[in-house]
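2 protein chains.
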Amino acid sequence: MSKIAARVFKGARDFLPEQMLHRERIMEVMRNVFKKYGFAPLETPAIEYLDVLTGKYGEDADRLIYRLDYKIGSKDAAALHYDLTVPFSRVVAMNPDLPLPFKRYQMQPVWRADRPQPHQGRFREFYQCDIDAVGSTSMIIDAEMVAITAEILSSLGFETFLIKINNRKILNGITQYAGLPSEMTQEVCRSIDKLDKMPWEEVEKELQQKEIQAEAIEKLGALMQQQLTLDNLSSALSGIETALEGIAETRQIFTYLEALGVDKKHYCFDLSLARGLDYYTGPIFETKLTDQPHMGSLTGGGRYDGLIGMLSGREMPAVGTTLGLDRIFTAMQQLKMLPELKTSTQVLIANFSEDTLEHVINLAGFLRQQGIATEIYPDAAKLKKQFAYADKKGIPFMAVLGETEISEGTVALKDLRTGEQKVVQRKDISSLVKPQ
Amino acid sequence: MSKIAARVFKGARDFLPEQMLHRERIMEVMRNVFKKYGFAPLETPAIEYLDVLTGKYGEDADRLIYRLDYKIGSKDAAALHYDLTVPFSRVVAMNPDLPLPFKRYQMQPVWRADRPQPHQGRFREFYQCDIDAVGSTSMIIDAEMVAITAEILSSLGFETFLIKINNRKILNGITQYAGLPSEMTQEVCRSIDKLDKMPWEEVEKELQQKEIQAEAIEKLGALMQQQLTLDNLSSALSGIETALEGIAETRQIFTYLEALGVDKKHYCFDLSLARGLDYYTGPIFETKLTDQPHMGSLTGGGRYDGLIGMLSGREMPAVGTTLGLDRIFTAMQQLKMLPELKTSTQVLIANFSEDTLEHVINLAGFLRQQGIATEIYPDAAKLKKQFAYADKKGIPFMAVLGETEISEGTVALKDLRTGEQKVVQRKDISSLVKPQ
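Residue numbers (the working numbering), protein chains in the order written: chain L, 1 to 436; chain V, 1 to 436.
To be clear, the hints were calculated from the coordinates, so they are not data collected in a lab. Because the structure is a prediction, the values reported are computed rather than measured. Check each hint, because a few of them may be wrong.
Identical copies look the same in the list; a pair holds intra-copy or inter-copy alike.
[Claimed, not checked] Below, in silico cross-link-like pairs of lysine to any residue (SDA-like), each with a Cα-Cα straight-line distance of 25 Å or less: (1) LYS393 x GLU28; (2) LYS392 x GLU315; (3) LYS393 x GLU315; (4) LYS164 x CYS268; (5) LYS10 x TYR57; (6) LYS382 x GLU187; (7) LYS342 x LEU413; (8) LYS392 x ASP193; (9) LYS197 x LYS422; (10) LYS10 x ILE65; (11) LYS342 x LYS384; (12) LYS194 x GLU315; (13) LYS265 x ASP196; (14) LYS35 x GLN108; (15) LYS10 x ASP83.
Sequences and hints are given; from them, build the entire structure.
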């Protein structure tokens with residue numbers, strides 16, 4: 001057996017208990033909210049046939065797909081999935097009997113053979129938490145995506161998040177309004193999308209470099225530099241049908257969000273939101289922390305009514321969003337929203353000698369039956385060492401069973417956070433040791 | 001964008017909601033029990049450097065490690081982890097400050113580039129749910145492995161499971177008793193391990209083919225063909241120190257299991273249990289369903305005090321067990337322990353028209369606030385279609401809001417399982433729709 005040259009694959013990470021306890025809680029919060037809105041879990045394999053993945057993300061992304069070099073019993077090349085959307089589309093294509101709308105959540109790692117930049121939160125292996133709904137064009141589902149995002153972030157304790165909402169149809173309309181051909185929308189969007197990071201003057205320069213006519217840039221600038229309400233925009237773009245459709249959809253989403261009871265301070269219309277991906281066709285949304293503008297977006301998504309049809313050959317409207325587990329976790333760490341947590345153990349029972357061990361073990365069994373997470377220190381070590389272990393792990397209570405306690409059926413219980421010690425009846429422990 | 005030739009990678013599986021809802025519940029039961037015994041979550045990346053993985057499992061297994069052929073920015077080859085034990089050992093080696101004992105659980109997929117045999121439950125991508133504890137030689141932890149296994153299987157509803165317990169030291173002692181050199185223990189074990197599938201006569205033949213002396217085989221047969229208690233065995237092997245040590249450890253485990261309150265019908269000593277892996281050094285355990293002898297074992301593990309030291313260069317006693325999520329799930333399916341479950345949605349609200357939609361959406365918001373998983377049918381389709389959707393997904397309740405209900409602040413609620421329909425006050429819905 002060869003010794004391990006112990007190191008973690010570059011761009012990947014170990015998650016020790018102090019991170020995992022929080023990550024598991026965040027995922028549980030997500031899962032509960034997803035289910036409350038009628039989303040059901042789906043899981044697809046990490047390994048897909050290579051041709052299922054390639055040709056969907058664009059050439060640059062295709063190069064970042066991790067290929068496997070081992071093909072026992074199969075002539076087809078295989079690779080690790082690059083995101084969860086294409087595997088989801090494959091599942092939809094392969095299961096024509098799924099009840100529609102099909103609303104699923106999926107929380108799994110994805111892989112990108114990229115140059116990792118851990119300080120900018122860019123990894124080769126990271127989690128995506130996706131919800132998508134296929135089979136309906138109703139704006140109710142788009143509104144629910146926003147409501148789910150708001151409910152999850154509120155439940156996690158975020159206060160300053162803002163979900164920006166826009167619509168690709170409005171952006172198409174603006175391109176038309178500026179007198180540009182519709183093929184230019186992507187180019188224009190990519191520049192406009194930078195307005196949250198740079199002033200109009202710089203975006204203007206970028207548009208000039210793209211050789212867009214001065215007149216068109218001026219028209220864009222006049223629109224983008226105002227804080228336009230939907231009403232103003234509606235007048236400005238009157239006659240441009242696609243823009244008016246997008247405005248009507250946005251109004252519907254706002255009406256539905258109000259009916260759903262989502263707090264208005266957490267969402268707004270933002271004409272400069274464009275989002276990078278080419279495949280969006282309608283509403284788009286993205287979440288930022290207003291007091292942390294340097295942080296990347298925590299969530300992002302939109303409607304992509306054409307994608308699944310193109311992939312699977314079966315026309316299917318769809319809308320989805322990704323919640324960035326790593327981003328959310330990092331934001332919570334940086335904002336000190338996560339208490340230090342190395343264990344979920346509530347009580348450590350001290351272990352003195354073989355003589356009292358059966359009583360110690362019996363007490364552990366009793367406490368666990370009450371739902372109290374309990375550890376027995378496994379070796380009859382010095383008490384000091386056992387306290388140090390509880391302390392290092394942050395276990396809040398230590399239970400000690402001496403001869404007196406055993407004969408009287410009591411337990412000496414010490415709260416390690418306050419130093420307070422009490423002798424209590426077994427049955428009273430569960431009311432003192434509240435579940436974490 | 002290229003159309004998907006939709007197919008699942010051979011040896012891997014999609015898990016649709018009807019499987020995932022159960023798999024998530026099984027993992028939640030496991031997680032809760034693990035935590036109750038003081039185990040904390042750990043996650044390691046799927047991708048490891050190849051040399052971290054190779055040379056630990058033996059040559060045959062090394063060939064089954066999935067290698068990646070993409071090495072951007074790194075000269076070192078990479079691969080997918082083959083199990084969770086070696087990555088865990090790497091984490092222990094890299095984190096010398098972990099408080100000891102370090103007790104972790106880890107539930108992740110693992111990969112084997114094997115010829116898949118789905119009907120025998122052999123896949124290329126499958127889940128392992130592992131618990132391991134390092135840093136203590138105390139039999140308390142070994143007993144807790146058995147107790148955790150029993151508690152999880154009982155919680156899931158299994159009744160006929162039996163955890164067989166043996167000890168490698170006893171098996172070493174038996175080899176010595178038969179007059180064979182200790183290097184023969186592995187060979188002898190591999191044959192003895194088959195005694196649950198074949199009679200002694202066949203095992204005897206196998207031992208003869210291995211060219212073990214007739215006298216030794218006779219001595220082994222005399223022992224193995226009896227149903228020996230620990231006391232009998234102790235007399236039979238008196239003077240063989242390693243065997244007596246193993247017997248003493250087994251007695252300790254039994255004493256601790258009794259103190260922990262584990263039902264005696266769920267565990268037993270079984271001299272013929274040997275387990276395949278070479279690295280076990282002390283207690284070993286394995287779970288079978290007594291009324292389903294053809295099914296493979298649901299769990300298996302043991303103590304491996306030498307392995308981590310060999311891998312990491314840091315001596316570290318360890319004991320662990322794997323719970324086979326796929327095996328457990330398959331057993332529960334075959335034994336019809338899993339109710340049909342396609343959704344966790346409790347109420348579908350019908351959608352008639354744009355006019356009543358705000359009330360419908362508002363009701364959904366209200367029900368979700370009460371913790372009721374609620375869907376709105378997103379399109380104003382025919383009521384028949386909406387009922388069919390609820391029915392196909394197995395949603396138990398349908399809520400209908402007509403003009404009368406809206407004006408009176410009531411809801412027409414139909415139980416789709418019984419067909420019963422009532423007009424109820426909003427606030428009374430949560431008592432009728434009990435959470436699933």
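Evaluation of the provided hints:
Proximity of LYS393 to GLU28 under the C-alpha cut-off of 25 Å is found in both arrangements, the shortest distances being 23 Å within a copy and 23 Å between copies. With identical chains, the CA atoms of LYS392 and GLU315 are at most 25 Å apart between copies only, with a shortest distance of 22 Å across copies and 57 Å within one. Only between protomers do LYS393 and GLU315 lie at most 25 Å apart by alpha-carbon distance; the minimum there is 22 Å, versus 54 Å within a single protomer. In the homo-oligomer, the alpha carbons of LYS164 and CYS268 lie at most 25 Å apart inside one protomer (5 Å), although the nearest pairing across protomers, at 62 Å, exceeds that limit.
Within a single copy, LYS10 and TYR57 get their C-alpha atoms as close as 24 Å, and across copies as close as 23 Å, so both meet the 25 Å cut-off. In this assembly of identical chains, the alpha carbons of LYS382 and GLU187 never lie at most 25 Å apart, being 69 Å within a copy and 42 Å across copies at closest. Only within a single protomer do LYS342 and LEU413 lie at most 25 Å apart by alpha-carbon distance; the minimum there is 21 Å, versus 46 Å between protomers. Neither within a single protomer nor between protomers do LYS392 and ASP193 lie at most 25 Å apart by alpha-carbon distance, with minima of 47 Å and 42 Å respectively.
Taking the shortest Cα distances, LYS197 and LYS422 never come within 25 Å of each other, neither inside one copy (58 Å) nor across copies (55 Å). In this assembly of identical chains, LYS10 and ILE65 lie within 25 Å of each other by CA distance both inside one copy and across copies; the values are 16 Å within and 19 Å between. Proximity of LYS342 and LYS384 under a CA criterion of 25 Å is satisfied intra-copy only: 20 Å inside one chain copy versus 53 Å between copies. Taking identical chains as interchangeable, the C-alpha atoms of LYS194 and GLU315 are never at most 25 Å apart, the minima being 32 Å within one chain and 55 Å between chains.
Taking the shortest Cα distances, LYS265 and ASP196 sit within 25 Å of each other inside one copy (18 Å), while across copies they are farther apart (66 Å). For the homomeric pair LYS35 and GLN108, the shortest alpha-carbon distances inside one copy (17 Å) and between copies (22 Å) are both at most 25 Å. For a Cα distance limit of 25 Å, the shortest separation of LYS10 from ASP83 qualifies both inside one copy, at 19 Å, and across copies, at 20 Å.
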